[in-house]
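Going down the list, the protein sequences come from chains A and B.
Just so you know, my numbering puts 110 at position 110 of the first sequence, and the rest follows in order with no gaps.
Just so you know, my numbering puts 127 at position 127 of the second sequence, and the rest follows in order with no gaps.
Since the hints were made in silico from the structure, they are not lab data.
All C-beta atoms, glycine included, are put in the ideal place defined by N, C-alpha and C.
Be aware that one or more of the hints could be misleading.
[To be verified] Computed footprint of chain A on chain B; a stretch qualifies when at least three of its residues, placed anywhere within it, have a C-beta under 8 angstroms from a C-beta of chain A:
hint : region
1    : 72-83
2    : 90-97
3    : 131-144
[Unchecked claim] In silico PhoX-like links for lysine-lysine, alpha-carbon gap of 20 angstroms or less:
hint : chain 1 : residue 1 : chain 2 : residue 2
4    : B       : Lys98     : A       : Lys136
5    : B       : Lys24     : B       : Lys137
6    : B       : Lys145    : B       : Lys169
7    : B       : Lys109    : B       : Lys81
8    : A       : Lys141    : B       : Lys98
9    : B       : Lys48     : B       : Lys98
10   : B       : Lys145    : B       : Lys156
11   : B       : Lys170    : B       : Lys148
12   : B       : Lys98     : A       : Lys101
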Amino acid sequence: MIEDRITKDTDYLFDRSYDDELSDEQEDALLDAVSEQITKYGWPDTFNSWLNFLYSNCTSAESAMNFANLFWWFGGQDHVIPEPHKFIAYFYYRINYDTAKYDPNDVLDSIAITILPRAGFSEADLMTNTEYIPEKDPLIKAQVDEYAKQGY
Amino acid sequence: MGSGIGGNYSGTSGSSQPYANTYKVVSSQLRKDKKDRDIYSGNSGYFKNPTAVYLESSVSENRIEIEGHRAEGKMTYVMDKTGNIIFGKRSNPNNAQKRAPHPTLIGGKNPEVQCAGMIDFRKGKIYSVDISSGHYKPNIKSLEKVDKALQQLCNKNPNLFSRDSKWRKKK
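Just chain A, same shape as in the assembly (with noise of 0.2 angstroms):
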């Protein structure tokens, strides 16, 4: 079964903590192991996994912290992001907007200010609105609040 393989491709894949310490070898088997998986299933398949994976098993603050570190360092960020406030929105949800405690290098930031402009979201694009604070943002707020009144 394709679904089979491609959630155990993205289980071994995100199953890690980000913390890990690898050889330069070892870093680059990962990253050869998302290309390869990408080039497999597609994108839009492949992030539909990552989705999944994210939504079953990062449910504190600590995971979903730990799959947007990695989620960086794959380079997922790269991509054209479906729906990206409520992905964004996530992360923001389970960390209950402590970016001070949880997010100490500012990646959550990273990531909106790279997949909102790229899906064609001006506002976050950092030429035009040098002021942009994507825990500001109406259309991630509200998705927080989504994910709240669902009981994520």
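Position chain B relative to chain A; hints supplied.
Positioned in the frame of chain A, the structure of chain B alone reads:
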């Protein structure tokens, strides 16, 4: 997963300044910032971003670090008048609801830079740079200086760069 010089650099309201050796903050941004006490003070000008560090002095065992963590994500950078690359986080220590713009990497009344934009780190390694700075709007040609400086750094220590970065591929 391509990389290198790039970024969201198009459009009309975001268009660049004419090429120059150095750039001052664009006047419309400076006027706006002067009214914001969390960014600019009448006496000292732009505050100094406390996370700002020289790229070359933030190396720790083949990784770039910032505040004790592996650098990850996009951060602001400038190349100062003497050619140093300085980078830092966007978070504003004076107000969590605001960001620290590019001039705060140097601080002062109207700090001049040779180039400015965002630098992309992936697991502590340099991946790409661009010219996304609404405060300086540098000309794309100025990015060549940053490119050259990073190529020199890569020649000295390629392990500081992502294997998919253009500098590592060029080496």
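Do the hints match the structure? See the list:
no.	hint	result
1	72-83	holds (count 4)
2	90-97	holds (count 4)
3	131-144	holds (count 5)
4	B:Lys98 - A:Lys136	holds, 10 angstroms
5	B:Lys24 - B:Lys137	holds, 9 angstroms
6	B:Lys145 - B:Lys169	holds, 18 angstroms
7	B:Lys109 - B:Lys81	holds, 15 angstroms
8	A:Lys141 - B:Lys98	holds, 16 angstroms
9	B:Lys48 - B:Lys98	holds, 15 angstroms
10	B:Lys145 - B:Lys156	holds, 17 angstroms
11	B:Lys170 - B:Lys148	holds, 12 angstroms
12	B:Lys98 - A:Lys101	holds, 17 angstroms
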